[in-house]
Amino acid sequence: MQSVGKNFDVIVIGSGHNGLVNACYLQKAGLNVLVLEKNDWIGGAAVSRELHPGILYSNCSYVCSLFRPEIMRDLELPKHGLQIVAIEGGTVFTKDGDYLASFRNYHAKKRELERFSVKDSESYSRYSRDILKQCRFIQPLLMRTAPDPASFKFRDLSEMLYILRKVNDLTASELADTVRFWTMSISDFLDEYFENDVIKASLAVSGIIGTALGPMSPGTAYVLLHHYMGEVDGSIGAWGYARGGMGAISKALTSSFRAMGGTLLNNSEVEKVDIRGARVKGVILKNGDEYLAKNVVSNADVKRTFLKLTDPEHLPPNFIKKVNNFKIRGSSGKVNIALDSMPNFPVISENNPCLKGDIHFTDSIERMERAYDDWKMGTWSRDPFLDMMIPTLTDPTMAPPGKHFMSCFVQYCPPKVGGQNWTKENKDAFGETVIQQIADYSPGFKDKILHMEVRTPKELEEEVGLTEGNIFQGELTFDQLLFNRPIPGYAQYRSPIKGLYMCGSSTHPGGGVMGAPGRNAAVEILKDLNLPDSDIRDAYEVL
Amino acid sequence: MTQLKEKKDRDTTFSKPLFRSPFYDFFAAQETEGHWYDWNGYKSPTILSDEELEYFSIRSTCSVFDITPLNKYRIVGSQAEEFLNKLTVRNVAKQNVATVKYTLWCDQEGFVIDDGTLFRISDNDFRLCSQEKHLPWLIDTSHGFDVEIIDESKHVCGISLQGPTSASLLRLLGVNGIDNLKPFHLFQTKISNIPIMISRTGFTGDLGYEIFMKNNVANKFIERVWNAGTNHGITAIGYNALNMARIEAGFIVANIDFISSDHAIRPNRCRRPDDLGLGWLVDLNKGFFNGKKAILNSKLEDSEAFKIYALEIDGKEPAEGSVIYYNKKDEVGTVTSAIWSPMAKKSIALAQLKLGSSKSKMENLWVEIYSLKELQYHKLMKKVSIVKPPFINLARRSACPPSNC
Chain A
17 MQSVGKNFDV IVIGSGHNGL VNACYLQKAG LNVLVLEKND WIGGAAVSRE
67 LHPGILYSNC SYVCSLFRPE IMRDLELPKH GLQIVAIEGG TVFTKDGDYL
117 ASFRNYHAKK RELERFSVKD SESYSRYSRD ILKQCRFIQP LLMRTAPDPA
167 SFKFRDLSEM LYILRKVNDL TASELADTVR FWTMSISDFL DEYFENDVIK
217 ASLAVSGIIG TALGPMSPGT AYVLLHHYMG EVDGSIGAWG YARGGMGAIS
267 KALTSSFRAM GGTLLNNSEV EKVDIRGARV KGVILKNGDE YLAKNVVSNA
317 DVKRTFLKLT DPEHLPPNFI KKVNNFKIRG SSGKVNIALD SMPNFPVISE
367 NNPCLKGDIH FTDSIERMER AYDDWKMGTW SRDPFLDMMI PTLTDPTMAP
417 PGKHFMSCFV QYCPPKVGGQ NWTKENKDAF GETVIQQIAD YSPGFKDKIL
467 HMEVRTPKEL EEEVGLTEGN IFQGELTFDQ LLFNRPIPGY AQYRSPIKGL
517 YMCGSSTHPG GGVMGAPGRN AAVEILKDLN LPDSDIRDAY EVL
Chain B
67 MTQLKEKKDR DTTFSKPLFR SPFYDFFAAQ ETEGHWYDWN GYKSPTILSD
117 EELEYFSIRS TCSVFDITPL NKYRIVGSQA EEFLNKLTVR NVAKQNVATV
167 KYTLWCDQEG FVIDDGTLFR ISDNDFRLCS QEKHLPWLID TSHGFDVEII
217 DESKHVCGIS LQGPTSASLL RLLGVNGIDN LKPFHLFQTK ISNIPIMISR
267 TGFTGDLGYE IFMKNNVANK FIERVWNAGT NHGITAIGYN ALNMARIEAG
317 FIVANIDFIS SDHAIRPNRC RRPDDLGLGW LVDLNKGFFN GKKAILNSKL
367 EDSEAFKIYA LEIDGKEPAE GSVIYYNKKD EVGTVTSAIW SPMAKKSIAL
417 AQLKLGSSKS KMENLWVEIY SLKELQYHKL MKKVSIVKPP FINLARRSAC
467 PPSNC
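Quick note, the sequences are listed as chains A and B, same order. Note that the numbering used here numbers the first sequence so that position 128 is 144, with each residue one more than the last. Note that the numbering used here numbers the second sequence so that position 285 is 351, with each residue one more than the last.
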């Protein structure tokens, strides 16, 4: 074992977006920060790689809404090249040969809904209002460390008081709605507003993405909210493309980090956190190199951090048990496709902008639930749910004119097939299932494929490091949120070991390319080091 | 379900997201300065040629305004009256056949969802017109009643003829019975064999009529009216002219002067009928209706809510969007609608103010007007007096038989 390089103040394990946000803030506060990335590319799950000549992929995450505007501003990400472009449109193809499109234009959107149900089209306003109310309640909590309800520290008490005040501001019926919203299924929630299956299916999507639950499982309404509470330039719930693919976010963060003097090393996989005498000393790489720092921040998920990177002798048994039981089930895969030309969808006119947004083929909640049934049986869905996008219709930087990159998020896809590890045959068959579903609506689709990257939870775990391939580093169910995320008593980014912190999506407020966990962790670390956090702005007020 | 089978028809949802009223081509042909806006999903004119002249046609000759974008719900069935009594705050049992009543409806917390006009066509046949869409609420409220709710909005169109010569124009068109039609009454008749429903109603505080018909006769109807109106000063108008007239008449508009509880995201924005100055519509002696209990309870509380007031403002600057102060320093509310009134020759406004029960506050109100003149603001602090609406009271509005001009 040899010590290389110099001492650092802080080592961040993993260059995912939260690791980079955390590293940026700490570097900005005057600390000397080292980011260690195991891959030869940066960004974790916010990554864009050119897997086919000339065509840039968004290999994992593929759209941006949650990324906090305060962070973009603090870290001067626009100056470092970050540009988020609003997305037009979206559509669900129906089995009977129609489609339900969605548009940014309010009236176009309502008129599409009207084609399926006049009543539902009108109900949409009340639905949007109620979702917006819930977003307004939760948004201010994102950029605050969750209080420990069992603690009597002043800050925990005052933070609890803050939440109680917010609860107190709600009317009795709003409070009831909030509690229901945080616990009910997306299917039940939508039934309160809508009658039409296609409309419900199109809206239920956000309730299941990334979650090992079906649309009829309790808790999925909150998952929908989690997808809605982002914004693009103040438009709440809107989604955008990062110009240049999602990797552009990591690129801008890295550029900002390096401009401030931070060090980032690729091909540096951490084997262990070096702990001596109940406190952190540094990290040891797979290749035997050691880097020293009194503070180590893990961007890896809570299971990887404490079951793989930390020796159990340093951790209390109850803690290990809780980490073991943290729900982080993999439920989705990703099929990324380079296309020779724009696929043809005969039912949709060429000038219809709806193809620029998210494209779905699942036209009923029932079909979504059945797709989930397959997952429960230990296999990928025979009739999977796809969230498919063609960002190159909006972003000219990702492919040459006329060529396209297509991103297919696929649900459900289990971490193991029938309890066994994924085989190459299984992976090919999974890819074929996805391609066939698209080809059913787009004749000649298969002939346009130039290259395809199929990622099951196995690849997501091996390549990105997400345990079981769970995109949120742990499910967003109420039992794993706020002061229970990831583990009661350890929701403030600290761990049982002095100097070892967490900053990944396993922590509050959870997954998505949001940056809030990384930012909040930086606030806590600076607090422990008695350093000012004046360069970290508070969340913008919700008026 | 609005079936659009053909691909090109489906494409209209994004290529022409705003609906065109059956009168659209007529109004578009009158335009010299095309200013259009979105009224309830319809492409509607704000100004067609000259805002002021359009306004003066309301007050001096006869204006023609397209009211098709209003939502029109037909409510029929043996329990239509009972259903409407549950839905709305007025006592529908007291509403005679062939009359129109201004009414409003609340949610279960007694907050106003919207206001509108209820036409009683026969015992069991009503039409409810409103600014906002309410089909889900109507259907939810209809549970258990023998009643059918038909959204006529896309099938029935309407024209408002408002102004001193409107009655003589209709006489000229052969509408018998116009002389006996009292305010807030209606009848069904024909103009050149075109079946219409005509009521002596409007949103201007002037003599005027609203006429509803099926979409397929719209073109023929408007052509007849337009040609007949040549000598009556008939003028096609956009919303801006109507808006001036309705402010003078002291009428409020949902989501302009108050936020509908259907839209309110912030709970303290919701308003009860009393807050809108419309408590007189509420019949607390009738049986259960949506919001009754909450309205009763709210009467027991000390109301700290914002209420709508009609204001006269010193000086000549209109006060749109301005902040109102007590004693020139404590903010008490905001102006929601304001104009210089050509009829009253005053700066007038509607505002929502939080004055509590203190009468003395009312005597010491001021408005801060930022008047932009050549890129510089003149900051004015003007005296405000609370008045009883309407701002103008025209005898011809209610005269029966109506005058010729």
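Treat the hints as calculated values from the structure; they're not laboratory data. Hints are not guaranteed to be accurate.
As the list claims (entries may be wrong) - List time: in silico DSS-like cross-link candidates among lysine-lysine, alpha-carbon distance up to 27 Å: (1) B/LYS74 with A/LYS126; (2) A/LYS125 with B/LYS373; (3) B/LYS73 with A/LYS126; (4) A/LYS125 with B/LYS220; (5) A/LYS149 with B/LYS358; (6) B/LYS73 with A/LYS149; (7) B/LYS358 with A/LYS125; (8) A/LYS182 with B/LYS373; (9) A/LYS111 with B/LYS420; (10) A/LYS111 with B/LYS73; (11) A/LYS126 with B/LYS420; (12) A/LYS149 with B/LYS220; (13) B/LYS420 with A/LYS182; (14) A/LYS464 with B/LYS82.
Going down the list of hints, with the structure as the test:
1. This hinted pair checks out: B/LYS74 and A/LYS126 have alpha carbons roughly 18 Å apart, not beyond 27 Å.
2. Only pairs whose Cα atoms come within 27 Å are accepted, and A/LYS125 paired with B/LYS373 is rejected, the gap being roughly 35 Å.
3. Taken as a hint, the B/LYS73 and A/LYS126 pair is honoured in the structure, with Cα atoms around 18 Å apart against an allowance of 27 Å.
4. Restraint check: the Cα-Cα separation between A/LYS125 and B/LYS220 comes to about 17 Å, which is no more than 27 Å; the hinted pair holds.
5. The straight-line distance between the Cα atoms of A/LYS149 and B/LYS358 is roughly 25 Å, inside the 27 Å bound, and the hint therefore holds.
6. As the CA atoms of B/LYS73 and A/LYS149 are separated by approximately 37 Å, the hinted pair breaks the 27 Å bound.
7. Distance hint between B/LYS358 and A/LYS125 is unfulfilled; the C-alpha atoms sit about 35 Å from each other, more than 27 Å.
8. Distance restraint check for A/LYS182 and B/LYS373: the Cα-Cα separation of roughly 26 Å lies within the 27 Å cut-off, and the hinted pair is therefore satisfied.
9. Proposed proximity of A/LYS111 and B/LYS420 is contradicted: the alpha carbons are some 55 Å apart, above 27 Å.
10. Restraint check for A/LYS111 and B/LYS73: satisfied, since their Cα atoms lie roughly 16 Å apart, inside the 27 Å limit.
11. For a cut-off of 27 Å, the pair hint linking A/LYS126 to B/LYS420 is broken: about 36 Å separates their Cα positions.
12. For a cut-off of 27 Å, the pair hint linking A/LYS149 to B/LYS220 is broken: about 31 Å separates their Cα positions.
13. Pair hint B/LYS420 plus A/LYS182 holds up; C-alpha atoms about 24 Å apart against a cutoff of 27 Å.
14. In summary, the hint linking A/LYS464 to B/LYS82 is not supported, as the alpha carbons are separated by about 33 Å, beyond the 27 Å threshold.
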